[in-house]
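The chain contents come next:
There are 2 protein chains.
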Amino acid sequence: MRISALAAEAGLPLATVKFYLREGLLHPGVATSATQASYDASHVRRLRLIRALTGAVGLSVQQARTILGLVDDPGDDLYATLGRAVSALPPAVHEASGDDPYPRARAALEALGQVYDPGFVAVAQLESALAAAEAAGVPISDERLLEYGRHLREIAAFDLERMPPEPHAAVEYTVLGTALYEPVLLALRRLAHQDVAARRELGG
Amino acid sequence: MRISALAAEAGLPLATVKFYLREGLLHPGVATSATQASYDASHVRRLRLIRALTGAVGLSVQQARTILGLVDDPGDDLYATLGRAVSALPPAVHEASGDDPYPRARAALEALGQVYDPGFVAVAQLESALAAAEAAGVPISDERLLEYGRHLREIAAFDLERMPPEPHAAVEYTVLGTALYEPVLLALRRLAHQDVAARRELGG
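Read top to bottom, the protein sequences are chains F and W.
To convert, note that position 163 of the first sequence is 163 in our numbering; the numbers rise steadily by one, no gaps.
To convert, note that position 31 of the second sequence is 235 in our numbering; the numbers rise steadily by one, no gaps.
Certain hints may be false.
[Unchecked claim] Among the chain W residues that face chain F by a calculated CB cut under 8 Å, a handful are:
id : residue
1  : F223
2  : L313
3  : E386
[As the list claims (entries may be wrong)] Restraint-style ranges between C-beta atoms, simulated for each label pair:
id : chain 1 : residue 1 : chain 2 : residue 2 : range
4  : W       : R404      : F       : P118      : 18 to 28 Å
5  : W       : E299      : F       : A198      : 12 to 22 Å
6  : F       : A96       : W       : A402      : 16 to 26 Å
7  : F       : F19       : W       : M205      : 57 to 67 Å
8  : W       : M205      : F       : P139      : 18 to 28 Å
9  : W       : A315      : F       : D40       : 14 to 24 Å
Simulated from the structure, these hints should not be mistaken for lab results.
Everything numeric in this text was worked out from a predicted model, so none of it was measured.
We put the beta carbon where it would ideally sit given N, CA and C, even for glycine.
Throw the hints in and build the complete structure from the sequences for me.
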């Protein structure tokens, strides 16, 4: 298809598609003449990914470029690449320094018995979340940590079982599955609270 | 204690404490002279709540006022009050209109067999999250919905079992437990992914 048809198919303005081409976020089409090129389903798919990253996920073009680079070139160490890709997603957290920069997160992960890379941004994210709860006077108890951790570990195992084996697809799946399913999880928790509360009220 | 000691105890500038007093977010102290008043632990606690809402939770003073109003006056229908309080929390979502404004959320909640109030903001939030996943080419499958839903319902039941029976405290618990524990849940999921992936890599 021509670039105008590609833009229409992706639901994007033509100027936006041309911008992504110029910036190298979208791979070139096959030249069919000096001034025209032909695009296929791989371009539609890529535009859908770019659109998700810069739209729903809320990344800047520069941040999206980082993630697209990891999708395009996952390298030999897929595990490290997946960690880098997830670390490029919101929320942005301040990295701390010092001997023991993430004491709450470390204690929590030890209590859960989980393997973790202290350089993974989610460790700083957990520290910040635990510190905020503590400052508000509602610290996460060990009982709550173990309960939440158990369920999230089962969710994570479910997610990973469905990860495509092909590395490019695995990075894409991990990025989109992390960023786009998180809001689903939070909405489901709020709705589950309502469901449980309603049943108690009706039952009581 | 005097207002200066209260500010120090709460870790807030004196001007901020005076502002909350003027705005009626913080209840007055007991007058000890024409120009002085005495404050107690209830004021420290209230400031901690205000600080959490306007800080970690990211509400404006006006939004915090709405929630504090529900904490102060939970009314007779605690269930409805809890729903209103949670609906005042981020994320802000567009309310839709029409005959069937939330088709994806409705289908998901029916599949989960959950009771819900269509006016509860989390319904619009779920619709928006499901639509974003769909637009990105990674719609939530029924299998995934049931798996996530099952775990979040167990988490919700755990949360509600620990809700204080006293209505003022129940609203406060629900607001803080929703807003401040959500970032903990998301960080734990990302770290659980890392743990599960690391164990597979080590095992394989």
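Results of checking the hints against the structure:
1. F223: violated, 20 Å
2. L313: holds, 7 Å
3. E386: Constraint on W:E386 satisfied, holds at 5 Å.
4. W:R404 to F:P118: 18 to 28 Å: Given about 20 Å between the Cβ atoms, the range holds.
5. W:E299 to F:A198: 12 to 22 Å: holds, 21 Å
6. F:A96 to W:A402: 16 to 26 Å: holds, 22 Å
7. F:F19 to W:M205: 57 to 67 Å: Since the Cβ atoms of F:F19 and W:M205 sit about 59 Å apart, the hinted range of 57 to 67 Å holds.
8. W:M205 to F:P139: 18 to 28 Å: At 24 Å between Cβs, range holds.
9. W:A315 to F:D40: 14 to 24 Å: violated, 35 Å
Checked against the numbered hints listed earlier, the structure breaks hints 1, 9; every other hint is satisfied.
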